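Chemist: Listed below, chain by chain, are the residues.
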Amino acid sequence: MSTREYMLGNVAIARGIVEGGGQVISGYPGTPSSEIIGTLAAMKERDFYVEWSVNEKVALEVAAGAAMTGVRSVVTMKHVGLNVAADPLLTLAYTGVKGSMVIIVADDPSCHSSQNEQDTRRYSQFSLIPCLDPSTPQEAKDMMSFAFEFSNKVQMPVIYRPTTRISHGKSDVELGPVNETRPVAEFVKELERWVMVPKNARVQHVRLLEVQKTMQEGLENSPWNSLELSDGANVGVIASGIASVYAKEAIIKQSINASFLKIGTYPVPENKIRTLLESTERVLIFEEMEPVVEEQVRIIAQETGSTVEVIGKLQGPVPRVYELNTDICSDVLAEVLGLERPDVPAEVAEDFDYNACRIDLPMRPPVMCPGCSHRASFHVMKKVYGKDAIFPSDIGCYTLGIQSGTVDTTLCMGGSITVASGMYQAGEKKPICCSIGDSTFFHTGMNGLLNAIYNKADITVTIVDNRITAMTGHQPNPGMGKTATGEETSEVDLVALCKSLGAGFVEKADPYDLQQTEEVFKRAKEFKGTSVVITEQLCVIDAKRSGLRRKPFTIDADACVGCRLCVNLGCPAIEFDKDTKKASINSMCTGCGVCASLCKFDAISEVKK
Amino acid sequence: MSAEGISKFDLVIAGVGGQGTILASDIIGKAAVKEDLSVRAAETHGMAQRGGSVVNHIRLGCELGSMIPMKGADVLLALEPSEALRYLEFLSDDGTIIVNTDPILPVTVTSGLCSYPDVDAIIAKLKETHEVKAFNATELAKEAGNPQSMNVVMVGAISNYLPISPDTLKECVKELVPPKTVDINVRAFEMGRDITQG
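Chain order of the listed sequences is A and B.
Oh and the first sequence: position 588 is 588 in the UniProt record's numbering, straight run, nothing missing.
Oh and the second sequence: position 108 is 108 in the UniProt record's numbering, straight run, nothing missing.
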């Protein structure tokens, strides 16, 4: 069998975990990190433990506990998940680990699927935990074994930071041997190490600072940093992580004679930076997002009294926002070296004028699926609470309800109920009805609900329960009675849970039944205090996969008066002909029937067969 | 165009979430690896997949990054006509466009907010600047046995341009499609291959 396979970056990372002998793997789904645990959980034979945890803080602590016993653990999350897990992270730096622990945090420059584009390397600096930054899927796999070994050697967790283009890039990947050793879990009581009371924490802070030099030296000469000095080079280029392949391509394309330092570790390779600074008169630094490398280069230049000109993003021209690419690198190189600009300047990418094509292209934004129950929940919510009501929302497929006018705020995971409470406590008099998905509710929404009830916020909390973590690719959650690997487990009763948190009003509704849902929302609105409405209906994608088939609907053109009530739902299965002024239903219909119960002219009915 | 020392062949696949652009690029990527070519590909996952506009980059014989520079692609393979126009900026001046003429109306159009351009006008526009192979791949897929095999028709259509043997591509079609649909998809591949031949 070939040892070279075509794989997704996240699959390569999962393979790296297997090759490195990972034993306990936990995580919370988040694009672009989700397929790592998805791949491991789907493996038929496995000699490791893998779980979807309920949030990133929980996941990181599970992995930390495992590493305290001496085994190799991994935790996965997206960049914003590390904010949730920042509390244990910063103190874990003090305790260190006994076995090995790798904290995989996938960054999303350009916010392809995220609410911000924070740079995880800042957390590495903040926590004093080292960080690895892969530049290709192959390296992403190979780095994992190194990360386990390095973590064990320095007795520290290691942050490992792929970006979207690594995690969701595909590549041929050369597989390696699997580490068959399995350290046995054995927790040894050492109070001064594991109990961070002030007396011990003060001592461990000193140790953390002392180990920095050892870590820097250990990473300096690792395979992830490399320096190529070029005779008579016009410039020294420093590039980190994925930016290194973009910069390399631009250099080849423009036939530039440059010395090249590729950086894949933090702390950065200081000696290599010094050597490069001695060899050139100017250095140009390419890194995505924050000027982490650039700041270090400037510090080293100052310490060594170097007069080298440092060009990056602090004083321009490299952008500090969004992803980099070869075009941007080409453009910057041309500007800095006074070369002729490449035939296609990078701005074309952003300012491409579709109208210049003399054909107006319709926008094609992502939308909720045909038959998605969130659409129905939002429809009723808006009807009962009114257009002037305030609709704080959360993070999930339902954030796409921004098109239905029922998403007024999206701050962070679990931030709907709390933002709603704050608005109410501030004295806002308009009705407030927030929405949150099932998985997001289990993640950090529960705390917000407890707080709202405890502090008597007069708001309605809608849990749009589609019985799965849908947006990130259909991962199971505690509401489903199923673990990551498909094992049966206890299923949380949402109604009982909300009641036990103290809610005086908790009712369930089937969002496909518009009338029933409307009655429930009306009662919730009248209730004084925090009311909870749970609109429950299977995710349509998941329903289809599990074999559920409903008869599609059709519109009787003679009966249709063109009132657009159904069209205004925004379902992709409903079309409106501007010329005939009639609505029709296309082949995407999944048979939810919501439009039929909306129609006042009985024009919509199930297809008979 | 793909340049010496960087990449042998650069392909952009454009379409709509749900059309199977990822499977199309997987067939090509896997086939390339079978023929010992290095591959780099970039895909759209996550939020944008829900019926949104999607684009995949795939670079054969490339060991650098997966993102194809502006005006860098040798071929633009568009599974939907308006998406061909949307990603035209990636295509080299000497590049070729292979486009499925069957439109998918976005919700902005079905709800009557804006209109969808005339498909003939899109094709005419593309032809002003590039060599274009336009055909209704969805119809061909129906003839092959299933409209969902449209993506495999398109892989067949691009097979005449790729530095990969058609047999290897066909082998990967068989490995990657659901077992029950192998015959339909092999037919779809052949039909797509025939239409761009010569």
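Don't read these hints as lab results, they were simulated from the structure.
These numbers come from a predicted model, not from an experiment.
For each residue, glycine too, the CB sits at the ideal point set by N, CA and C.
Any given hint could be a false lead.
[As the list claims (entries may be wrong)] In the DSS-like style, the derived pairs of lysine-lysine whose C-alpha atoms are separated by at most 30 Å in a straight line are:
1) B:K8 / B:K142
2) A:K189 / A:K382
3) A:K387 / A:K313
4) A:K482 / A:K522
5) A:K544 / B:K34
6) A:K582 / B:K34
7) B:K125 / A:K578
8) A:K44 / B:K34
9) A:K544 / A:K429
10) A:K456 / A:K544
11) A:K313 / A:K213
12) A:K383 / A:K213
13) B:K142 / A:K578
14) A:K189 / A:K383
15) A:K313 / B:K71
16) A:K213 / A:K189
17) B:K8 / A:K544
18) B:K71 / A:K44
19) A:K578 / A:K508
20) A:K499 / A:K551
21) A:K387 / A:K578
22) B:K125 / A:K44
23) A:K551 / B:K125
24) B:K125 / B:K34
25) A:K608 / B:K142
26) B:K71 / A:K544
27) A:K456 / A:K551
28) B:K8 / A:K608
29) B:K180 / A:K482
30) A:K551 / B:K180
[Unchecked claim] Facing chain A, a subset of chain B residues (Cβ under 10 Å, in silico):
31) I6
32) G52
33) P163
34) P166
35) I184
36) V186
[Claimed, not checked] From chain B, some residues computed to sit far from chain A (all C-beta separations above 12 Å):
37) D36
38) H45
39) H57
40) E63
Chemist: Next item in the hint list is B:I184. Is there a CB on chain A closer than 10 Å to its CB?
Modeler: 18 Å, violated
Chemist: Are A:K551 and B:K180 close enough, with their CA atoms no more than 30 Å apart?
Modeler: Judged against 30 Å, a Cα distance of about 24 Å means the pair holds.
Chemist: A cut-off of 12 Å on Cβ-Cβ distance, and B:H57 was said to be off the interface with chain A. Does that hold?
Modeler: The claim is violated: B:H57 sits with its nearest Cβ about 9 Å from chain A, within 12 Å.
Chemist: Minimum C-beta separation from B:E63 to chain A exceeding 12 Å: can you confirm that?
Modeler: Its Cβ does come within 12 Å of chain A, the nearest being 8 Å, so this is violated.
Chemist: Do the alpha carbons of B:K8 and A:K544 lie within 30 Å of each other, as the hint requires?
Modeler: 41 Å, violated
Chemist: If you draw a straight line from the CA of A:K499 to the CA of A:K551, is it 30 Å or shorter?
Modeler: 37 Å, violated
Chemist: Classify the hint on B:V186 as holds or violated, based on whether any CB of chain A lies nearer than 10 Å to its CB.
Modeler: 20 Å, violated
Chemist: Do the alpha carbons of A:K313 and A:K213 lie within 30 Å of each other, as the hint requires?
Modeler: Holds, because 27 Å separates the two Cα atoms, which is no more than 30 Å.
Chemist: Can the restraint linking A:K213 and A:K189 be considered satisfied, given a maximum Cα separation of 30 Å?
Modeler: 28 Å, holds
Chemist: Holds or violated: A:K387 and A:K313, Cα atoms, limit 30 Å.
Modeler: 44 Å, violated
Chemist: For the pair supplied as a hint, A:K582 and B:K34, is the alpha-carbon distance within the 30 Å limit?
Modeler: Status violated; Cα separation ~52 Å.
Chemist: Taken at face value, is the distance from the CA of B:K142 to the CA of B:K8 at most 30 Å?
Modeler: With Cα atoms ~33 Å apart, B:K8 and B:K142 exceed 30 Å; violated.
Hint compliance for this structure: hints 1, 2, 3, 4, 5, 6, 9, 10, 12, 14, 17, 18, 19, 20, 22, 23, 24, 26, 27, 28, 33, 34, 35, 36, 37, 38, 39 and 40 are not met, and every other hint is.
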